[in-house]
Amino acid sequence: MNDDLPLYPDEKQLAKIILGPARASAWPGLATVLERHGLPMIDPMFGGRYLPAVRAFLDRRNGLEKRTIPAKPGGGENWDAQNRNVPRSQAHAPKDRSR
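For what it's worth, the numbering used here labels the leading residue of the sequence shown as 738, then goes sequentially.
Hint data in this document are derived by calculation from the structure and do not stem from the laboratory. Glycine included, C-beta positions come from ideal geometry on N, C-alpha and C. Just so you know, not all the hints are guaranteed correct.
Claimed, not checked - Computed spacing ranges between beta-carbons, pair by pair:
| hint | residue 1 | residue 2 | range |
| --- | --- | --- | --- |
| 1 | Gly757 | Pro781 | 25 to 31 Å |
| 2 | Pro781 | Ala759 | 28 to 34 Å |
| 3 | Leu767 | Pro743 | 16 to 22 Å |
| 4 | Leu801 | Pro781 | 24 to 30 Å |
| 5 | Arg798 | Pro765 | 17 to 23 Å |
| 6 | Pro789 | Gly757 | 16 to 22 Å |
| 7 | Leu801 | Asp740 | 14 to 20 Å |
Using the sequences and the hints given, assemble the complete structure.
Written as structure tokens, this is what we have:
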């Protein structure tokens, strides 16, 4: 894909990149189907799909890559998730390494 493109192209730009100008009008329906199979969603913060992730999705779909990439942006971080069942006072206490 072209290095002169933004990282979050709008749907019209993406349609032309992927399908070419003659077939770009087919993109909205095709994107809806491909989202069910892992095409990255439009990021509401940036207003477009992350182009490297779209490329990776298409590469995987065509057997060129085996990595997985999330279809939509992640949520808020939960740094205490690993300590969910540990009282907060002990969650960040140093571990006893004398054993």
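Quiz prompt | 16 to 22 Å as the expected CB spacing between proline 743 and leucine 767, which holds or is violated | solution = holds (21 Å)
Practice problem: For the range 16 to 22 Å, tell me whether the beta carbons of proline 789 and glycine 757 fit it or not. | Solution: Hint holds: Cβ distance 20 Å, inside 16 to 22 Å.
Quiz item: Lying within 24 to 30 Å: is that true of the beta-carbon distance leucine 801 to proline 781?
Solution: Holds, since leucine 801 and proline 781 (Cβ atoms, about 29 Å apart) stay within the stated range.
Exercise. With respect to the beta-carbon atoms only, verify the hint that leucine 801 and aspartate 740 lie 14 to 20 Å apart.
Key: About 19 Å separates the Cβ atoms of leucine 801 and aspartate 740, which means 14 to 20 Å holds.
Quiz prompt | Range agreement (Cβ of alanine 759 with Cβ of proline 781, hint 28 to 34 Å) | solution = holds (30 Å)
Quiz item: Taking the CB of arginine 798 and the CB of proline 765, does the distance hold inside 17 to 23 Å?
Solution: Roughly 18 Å apart at Cβ, these two residues keep to the hinted range, so it holds.
Quiz item: Within 25 to 31 Å or not, the Cβ separation of glycine 757 and proline 781?
Solution: holds (27 Å)
Taken one by one, the earlier hints all hold for this structure without exception.
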